[in-house]
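Residues per chain, in single letters:
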Amino acid sequence: MAGSGYDEHEYDVIVIGAGGAGLRAAIESARQGAKTAIITKSLLGKAHTVMAEGGCAAALANADDRDGWKVHFHDTMKGSKYLADWRMAELHAKEAPDRVRELEQWGAVFDRTPSHVINQRNFGGHTFPRLAHVGDSTGLEIIRTLQERGIHEGIDMFTEYTVRHLLKEGDRVTGCVAYGRVKGDFKAFSAKSIVLATGGITRCWTVCSGSWEYTGDGHALALWAGAELRDMEFVQFHPTGMVWPPSVRGILVTEGVRGEGGRLFNNQMERFMFEYVPEMFRGDHAETEAEADTWVEEVVSGKIATVRRPPELLTRDVVAKAINEEVKAGRGSPHGGAFLDISHRGKEAIQKKLPSMYHQFMELAGVDISEEMMEVGPTAHYVMGGVRVDPLTQESTVPGLYACGEIASGLHGANRLGGNSLSDLIVFGKRAGEHAAQRARNLAPPRIDEDQVKASIATMLEPLQRGEGENPGLIYDEMRDMMQAKVGIIRTKEELEEALEDLKAFRARADACFPGTDRRYNSGWHQALDLINMADISTVAALAALTREESRGGHTRDDFPVPDESHWGQHLNIVWMEDGDIKIRQERIEPIRHDLQVSLDEVKAMIKERAEEQGGGK
Amino acid sequence: MSLKGRKQAFRVTRGIGEGADMQDYEIELDEGMVVLDCVHRIQYEQEPELAVRWNCKAGKCGSCSAEINGRPRLMCMTRMSDVVKETPKGVPIEIRPMKAFPHIKDLVTDVSWNYEVAQRIAPIKGPEEANWKFNQTEAHRVQHFRECIECFLCVNTCHVLRDHQEFDAFAGPRNLVRLAQYEMHPLDEEDRIPEIRKEFGVEYCNITRCCTEVCPAGIQITDDAIIQLKERVVDRYYDPLQRIWRVISGKKVRM
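Going line by line, the protein sequences match chains A and B. Heads up: the first sequence begins at 102 in my numbering, then just goes up one per residue. Heads up: the second sequence begins at -19 in my numbering, then just goes up one per residue.
Because the hints were derived from the structure by calculation, they are not lab data. Treat each hint with caution, since some may be false.
[To be verified] EDC-like mimics (lysine to aspartate or glutamate), calculated; alpha carbons at most 16 Å apart, straight line:
id	chain 1	residue 1	chain 2	residue 2
1	A	453	B	118
2	B	105	A	473
3	A	288	A	109
4	A	284	B	47
5	A	448	A	473
6	A	453	B	127
7	A	288	A	550
8	B	210	B	179
9	B	105	A	254
10	B	-16	B	62
11	A	404	A	166
12	B	178	B	211
13	A	269	A	473
14	A	284	B	90
15	B	113	A	203
16	B	232	B	211
Remember, it's a predicted structure, so these values are computed and weren't measured experimentally.
Using the sequences provided together with the hints, build the complete structure.
Structure, rendered in structure tokens:
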């Protein structure tokens, strides 16, 4: 494949990305009668969704009939430290149950309750057992279900094509340009609506649980196209990633381990989480090991809990910071983490409820988790921030450009609850597909602007023509190490400022690297292009982190260690690009609708009452 | 045995199709590496253009299938400590792409045939009303099949495909597992038996169990999926009692 020619294609709706959100959006779009295509840089069914483990949160009330959308709404808002968009949190809590039942009708086989309906497990921050799950491989189940449904909906699939630029006419989006990974060919697409469903950015950190795809492609496409991003300072460091051996550092250890009764210890064999219950959660968690153990016994035997849950099930931001503190205080495990123990559940239960964890530790670390403790530590897991969208339609601030799933922002605020991402994908994937298709109905097919396509292709080919330069792989590793060191779980003004300077230098190195000349499946070439996204999106994340002078949820500043309710509790960071420069401003949060505030208060009162009955309530 | 600092020789397929040959590399190892880490190290330090398909590096996506020292495995789940042990001293570790599929470049093959077959399989058809009811035992039977990560190592190993190239007549182990998953779903009402026999050629399998042996998800492909489908075909087409019953009862089935 030589030259800079390209093929043209025309669609009503193009979905970029084939994970849970992209597939769900495309299915909905096709069902609305829109001519729909998916463009994905991987093969079908390989997207990061396969790595989701613990479950999909939905207030089905199968495992505890006291659950309902209001409690789920409350838990999501509280987990977000009240920065979530309350309309999105409301829609999500109301619609998730139907989306889960729909998956079942499309072939998903969730674990069952004794009364033969979908079972639900406990997770951090969820008041009741709420996560529909399949052992510890729920993401695989969901992506396979959507894939097996999606291939029968008349959607065209462009697999192993990476979208590099969005085309625009005036303010609106009119199409996109992609390169083929296999042959190095180019395609230009005309589209009336485009849905971004490219996932997250966590590959920007060395210790991460993300797959190779997580290089912020969609975030960068949106930024370059003039869309606004919000909440980009909020990156979730999942408390339990593997820490040893080095080559597996970061691989996720599901929160399901703690949901099934896993205990965290420091090297003094103290269950340190009892010491880390924050003010806002005080009174709702067990205060003694005996109480915590009783909760586990009750829950695993299928009873409704009569005591309070273990502090290991606090939200992810809290547990991650606690492990970090223990390590810093010299009480960490031999390889710089904490110990996580599930062995008391016995081999049979572990192999049944956590089969892939058993397998993962056995195969990759030579550890039998039914007998030994795991070593775990924080890993960059999820970006709460992303494309700012209309809560009802998922349209970005650029007309015709939609976003759903991890790349969209608003549902999770400062911290996402476990299980709320899989439900996010299906709830807002459907909404994005529906509205993208509706918009397309009233439009004529946009013209493909040849000049924009040619310019895009020229920038893609440029790295292959440099003749000499660094191997992009080395820049990739060094940039991730820098982000890990300076924009990690604990941040300071000095380090964030350094990071912003360093990123300029990395960007310059990326612009001068040389991946060879081959256009066919050239991993280095793809990486050279990814580096540009990563540098820009890392800059956005660092800038937002520098600006937010407080600590909240997934964003912790050593120099501003407490939440600042008076200003930052009321404001969001909005980032966008103008004439090639990244800009930032603050916007005040819209006050919550009255009836939703009433719901929040009702649920708070219910939780307090329950905690008092169970012996706490201080 | 610590591998840190050890210099290790590799021989890796480089090039495209007929023009591909084996290229030698040497890298320094670190503690706890898997084969995919080594391939990345070769790419990052010596050969930026090296083609390798991977996604999760955690054994969940099934993208990095290859033949390591002749054995089909996932590169991300194969520990170097094991491979070093099995490789004779002084011999490089050999990494080749899957042999049964058309070669694209280096370690990457064209696995699109699997997706084309999947497209021809009728999806699940169950009750219109939501909130389906079935128990955990019924669920478990199907969940076992749904642990498939679509690495296609089973297809690569199946001699009906690898040696006899029966890609037009036989659906391959992966898609037979998919058929079994639907057929054994407690609430599925679709009939796929005639297709399983004719279009998907279940009878081509002669139960050598090679697919089961290489499955990284531990699915009992032969015993739990293929043999069960074969039995359903036999029941429909060859069981005299069933035939008599159909005549007496006037019950029609698709043949």
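Q: Report the numbers of all earlier hints that the structure fails to satisfy, in ascending order.
A: 2, 4, 13, 16
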